[in-house]
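Chains as they are written, first to last, in my numbering: chain D, 1 to 136; chain R, 1 to 386; chain L, 1 to 358.
One thing to keep in mind: the hints can contain errors.
[Said to hold, decoys possible] In silico DSSO-like cross-links for lysine-lysine, where the CA-CA straight-line distance does not exceed 30 Å:
| hint | chain 1 | residue 1 | chain 2 | residue 2 |
| --- | --- | --- | --- | --- |
| 1 | L | K107 | D | K114 |
| 2 | R | K218 | L | K57 |
| 3 | D | K83 | R | K251 |
| 4 | R | K209 | D | K114 |
| 5 | R | K251 | L | K190 |
To be clear, the hints were calculated from the coordinates, so they are not data collected in a lab.
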Amino acid sequence: MKRKTAVAVAAAAVLAVVGGIAIRADEFTKQDQERWEKEYMSVVTKGRELWTSPQLGTNGVACAQCHPNAANTHPETYPKFQKQLGRVIALREMINWCLQQPLEGKPLALDDPKMVALEAYIAHERRGVALAPGKH
Amino acid sequence: MKQISFGLIVALGLAATAARAADAPAQPLGLPPVPIPADNPQSPEKIALGDKLFHDKRFSSTKQVACDTCHEKAKAFTDSPLHVSEGIAVRGKKLTGTRNAPTVVNAAYFDAMFWDGRSPSLEDQSQHPFVNPVEMGLKDHQPILKIVRSDPEYVRAFDKVFGKKGAQVSMKEVEQAIAAFERTQVAGDSPFDRYFYAGDPKALTEAQKRGFDLFVNKGRCVSCHVIEQTQALFTDNRFHNIGVGINDIQKDVPELAGAFLQAKATLAEVDRRVLGDKRTSELGRFAISREFEGLGAFKTPTLRNVAVTPPYMHDGSKKTLKDVVVHYNNGGVTKEGDPVNDFLSGGIRPLNLTDQEVDDLVSFMEALTSPQYASLPSGARTEVKP
Amino acid sequence: MNPMVPSRRDFLKGAAAAAAAGVVPMSVVKLAFADAAQDFTFAYISDAHIQQISGAKFVHNWDRGLIRAVAETNLLNPKPDFVMFGGDLGQLGRKAELDHGAEMLSKLRYPLHCVMGEHDYYLDLGEYWSKLFGPHHYTFDHKGVHFVVLNSILTYDDWTYNRWPSAEQRMLEMAGLDNPNGSPFMVGEKQRAWLQADLDKVDKATPVVVFSHSPLQKLYKGWNFWTEDAEEVQALLKPFEKVNVIYGHVHQIQYNQIGKIAFNAVMATAWPWPYPQSYAQAQNAMPVLTVPMNRANPFFERDATGWQFVDVHTGRVAMKYNLYNNTNRTVAWNPGTGKPEDSVFQDPAKRIPPQVHY
Numbered sequence: 001m002k003r004k005t006a007v008a009v010a011a012a013a014v015l016a017v018v019g020g021i022a023i024r025a026d027e028f029t030k031q032d033q034e035r036w037e038k039e040y041m042s043v044v045t046k047g048r049e050l051w052t053s054p055q056l057g058t059n060g061v062a063c064a065q066c067h068p069n070a071a072n073t074h075p076e077t078y079p080k081f082q083k084q085l086g087r088v089i090a091l092r093e094m095i096n097w098c099l100q101q102p103l104e105g106k107p108l109a110l111d112d113p114k115m116v117a118l119e120a121y122i123a124h125e126r127r128g129v130a131l132a133p134g135k136h
Numbered sequence: 001m002k003q004i005s006f007g008l009i010v011a012l013g014l015a016a017t018a019a020r021a022a023d024a025p026a027q028p029l030g031l032p033p034v035p036i037p038a039d040n041p042q043s044p045e046k047i048a049l050g051d052k053l054f055h056d057k058r059f060s061s062t063k064q065v066a067c068d069t070c071h072e073k074a075k076a077f078t079d080s081p082l083h084v085s086e087g088i089a090v091r092g093k094k095l096t097g098t099r100n101a102p103t104v105v106n107a108a109y110f111d112a113m114f115w116d117g118r119s120p121s122l123e124d125q126s127q128h129p130f131v132n133p134v135e136m137g138l139k140d141h142q143p144i145l146k147i148v149r150s151d152p153e154y155v156r157a158f159d160k161v162f163g164k165k166g167a168q169v170s171m172k173e174v175e176q177a178i179a180a181f182e183r184t185q186v187a188g189d190s191p192f193d194r195y196f197y198a199g200d201p202k203a204l205t206e207a208q209k210r211g212f213d214l215f216v217n218k219g220r221c222v223s224c225h226v227i228e229q230t231q232a233l234f235t236d237n238r239f240h241n242i243g244v245g246i247n248d249i250q251k252d253v254p255e256l257a258g259a260f261l262q263a264k265a266t267l268a269e270v271d272r273r274v275l276g277d278k279r280t281s282e283l284g285r286f287a288i289s290r291e292f293e294g295l296g297a298f299k300t301p302t303l304r305n306v307a308v309t310p311p312y313m314h315d316g317s318k319k320t321l322k323d324v325v326v327h328y329n330n331g332g333v334t335k336e337g338d339p340v341n342d343f344l345s346g347g348i349r350p351l352n353l354t355d356q357e358v359d360d361l362v363s364f365m366e367a368l369t370s371p372q373y374a375s376l377p378s379g380a381r382t383e384v385k386p
Numbered sequence: 001m002n003p004m005v006p007s008r009r010d011f012l013k014g015a016a017a018a019a020a021a022g023v024v025p026m027s028v029v030k031l032a033f034a035d036a037a038q039d040f041t042f043a044y045i046s047d048a049h050i051q052q053i054s055g056a057k058f059v060h061n062w063d064r065g066l067i068r069a070v071a072e073t074n075l076l077n078p079k080p081d082f083v084m085f086g087g088d089l090g091q092l093g094r095k096a097e098l099d100h101g102a103e104m105l106s107k108l109r110y111p112l113h114c115v116m117g118e119h120d121y122y123l124d125l126g127e128y129w130s131k132l133f134g135p136h137h138y139t140f141d142h143k144g145v146h147f148v149v150l151n152s153i154l155t156y157d158d159w160t161y162n163r164w165p166s167a168e169q170r171m172l173e174m175a176g177l178d179n180p181n182g183s184p185f186m187v188g189e190k191q192r193a194w195l196q197a198d199l200d201k202v203d204k205a206t207p208v209v210v211f212s213h214s215p216l217q218k219l220y221k222g223w224n225f226w227t228e229d230a231e232e233v234q235a236l237l238k239p240f241e242k243v244n245v246i247y248g249h250v251h252q253i254q255y256n257q258i259g260k261i262a263f264n265a266v267m268a269t270a271w272p273w274p275y276p277q278s279y280a281q282a283q284n285a286m287p288v289l290t291v292p293m294n295r296a297n298p299f300f301e302r303d304a305t306g307w308q309f310v311d312v313h314t315g316r317v318a319m320k321y322n323l324y325n326n327t328n329r330t331v332a333w334n335p336g337t338g339k340p341e342d343s344v345f346q347d348p349a350k351r352i353p354p355q356v357h358y
């Protein structure tokens with residue numbers, strides 16, 4: 001009994017310190033969501049910058065030239081068998097294919113932040129479309 | 001005998017093929033089941049008949065040339081290292097054509113036969129060399145029909161296989177038997193297959209592994225020389241202008257293309273003209289499709305067993321696999337810096353491979369040889385002389 | 001059966017037709033019409049987008065597209081009466097790009113007329129273009145047909161003259177198809193007045209063919225598949241019995257019918273664009289009539305690019321799309337329905353998998 005009271009008192013003390021807002025370790029708030037959403041959009045924005053950048057490859061061609069608003073990238077169909085690579089791949093491997101082939105550049109490491117940004121932009125422009133993995 | 005090894009594979013339970021006719025050839029590692037047309041099922045007797053027809057020299061005007069003259073089993077069913085094939089001899093000199101004899105091995109997986117795809121099947125293809133003036137020189141198929149209708153062994157065989165006798169035996173049956181024999185000539189199970197499909201990490205050398213990576217990525221090979229997740233035909237069954245041969249006639253294309261179309265060109269006529277005249281031969285697929293896209297375009301051959309079937313390309317102009325890779329590296333010309341032809345396939349462009357990378361690609365291609373042909377001389381890096 | 005391989009019967013049929021026609025890869029569409037005006041053909045090459053990397057280095061891919069289109073056009077038999085270039089010769093309007101493109105076009109054996117594209121215009125407002133190719137808008141008559149070439153990629157004066165700190169910046173902004181800083185294309189009041197005055201002199205029974213870079217329709221604003229004064233321009237064309245508009249810019253097969261005007265888009269020699277309906281976040285109006293081109297395999301750099309030859313028969317246009325790595329397509333006027341139609345794939349039951357765009 002005594003222990004429970006002690007805990008309750010301690011908790012009340014914490015509450016008092018924090019100014020009356022109840023925050024558990026594994027709960028997140030609306031403000032957290034909004035902030036995280038902004039974090040995400042900052043990476044989408046970075047992805048858009050890369051998308052229109054002539055610097056990704058070596059010949060000045062940008063992704064946006066063939067894929068305005070990331071159209072025709074079909075992220076919802078990955079993983080899928082990709083004819084140009086002869087096997088089932090994830091989206092980022094096809095991004096690397098494009099970097100090497102039409103853009104005549106070097107592939108990105110699969111965990112490169114730039115790769116994540118490109119995927120974030122592609123997915124953002126395709127939001128709302130149902131998954132259809134393997135579809136051609 | 002090679003037939004027995006097929007039996008072993010079937011016994012190992014490689015598939016549903018065991019459930020089908022026991023004489024359907026089982027697919028080797030890395031290959032799908034052999035496509036068999038519904039109207040020409042396999043049987044041991046038909047295959048044996050086809051084998052006999054394939055080797056019969058009497059089906060030529062000089063009685064010296066059979067199918068196996070240019071498609072010899074000991075040379076992986078080619079006439080390596082001849083650049084272009086040699087047919088009947090006239091006044092002591094063998095006539096030559098314009099094209100390099102493709103292998104029969106794995107030809108069963110092609111959708112069209114000949115370098116320009118002018119024949120839609122193995123059956124149809126088999127009738128043409130008999131009556132080509134530089135190959136076997138017959139005026140028509142009558143001499144063949146005469147023999148198969150009268151030679152006692154043939155009479156027995158055609159009756160057993162097709163239930164046909166005398167005048168009922170036609171070129172159709174002859175073609176079907178030859179095709180059935182050719183459908184047994186399939187070969188996979190190469191070091192590449194064991195590495196990629198059987199998961200044996202030691203099956204390829206380090207150079208070959210690097211070459212495999214190049215084949216799929218920087219070398220851009222895989223789009224036409226197809227490898228897939230569970231099988232690899234190494235051909236897309238399509239036609240592409242990769243800048244071999246056409247570069248020599250580029251200025252003449254308008255005149256040649258026009259002249260070709262003016263002539264009354266039946267399929268037999270095309271067959272005769274492309275083998276008889278080198279410059280016309282370079283028109284490639286155009287001779288069949290009459291489309292711009294076919295100008296200078298030839299069928300993607302399989303790369304299986306490529307190392308042991310030099311020289312390379314439709315005209316045999318590339319002596320070694322190294323020469324081939326250099327041609328691709330140059331973006332579709334033999335000599336770096338030469339202008340490419342106007343009709344070059346959109347898949348061909350300079351690759352910027354280093355010397356090491358060129359060598360690794362060659363090494364990879366050596367890994368595509370099936371065990372039964374592994375002892376043949378390799379044209380990978382040095383010219384194989386006759 | 002593999003459609004790539006002709007049956008022997010198809011082959012023989014094709015051989016006879018082709019032997020009669022010469023080197024032409026497609027049969028000329030013969031339409032039954034009571035009174036035949038003069039028939040003729042012309043070739044249409046468009047959207048080459050020659051792009052400079054640095055110095056004398058240009059993007060190899062786009063160069064090859066223009067080279068091939070020119071080489072094949074030169075093989076056409078029957079010979080075309082003239083060749084149109086549909087705009088966007090350069091990518092950023094640079095002198096080096098226009099020169100390099102003009103050099104490739106100079107290999108054509110036939111008279112050439114050019115249409116202005118936005119990628120040619122917004123660096124120097126077409127000054128160098130005029131030196132190479134002449135006026136930005138003009139007309140000519142040929143075998144009883146009145147041809148009008150519009151500069152339909154102009155935009156609001158404010159955007160053109162006041163918005164950007166440099167010509168290079170202005171060009172870069174217009175060069176991005178999906179750039180929200182862009183500005184809608186238009187023909188503009190001045191040019192419309194000129195067009196009205198010109199058309200007033202033309203008999204209403206004369207067939208009219210209008211060449212334009214922008215679609216002279218409102219299709220999808222986000223990618224400037226759009227002409228701001230489309231309705232006004234269409235109104236000027238309305239009095240004519242037979243009007244055909246041929247436009248570039250969209251890098252894809254499109255066709256449509258509005259009133260008496262048949263609209264036909266041309267392919268790019270450089271690269272294909274997605275159809276607007278494949279952009280999930282946008283509402284857009286695509287002509288319902290259009291049977292889409294096949295989706296591109298990006299490995300084959302010429303896939304979903306092409307050029308076309310136009311068959312003018314009794315004042316109607318039949319577009320023959322010469323496509324690499326794909327079956328060629330013909331979009332011809334169907335007098336029964338009064339619309340342009342694809343001669344093979346119009347019926348949805350006849351479509352093939354690569355024509356599905358999602």
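Item to complete: Would you mind confirming whether the straight-line C-alpha gap from K83 (chain D) to K251 (chain R) stays at or under 30 Å?
Response: violated, 35 Å
Worksheet entry | Distance restraint between K209 (chain R) and K114 (chain D), which requires alpha-carbon spacing of 30 Å or less | With Cα atoms ~28 Å apart, K209 (chain R) and K114 (chain D) stay inside 30 Å; holds.
Worksheet item: Regarding the pair K218 (chain R) and K57 (chain L), is the alpha-carbon distance no greater than 30 Å?
Response: holds, 21 Å
Worksheet item: Hey, K251 (chain R) versus K190 (chain L), does the alpha-carbon distance stay inside 30 Å?
Response: Violated. K251 (chain R) to K190 (chain L) sits at ~48 Å, over the 30 Å cutoff.
Worksheet item: Are K107 (chain L) and K114 (chain D) close enough, with their CA atoms no more than 30 Å apart?
Response: violated, 43 Å
Hints 1, 3, 5 from the list above are not met by this structure, while the remaining hints are.
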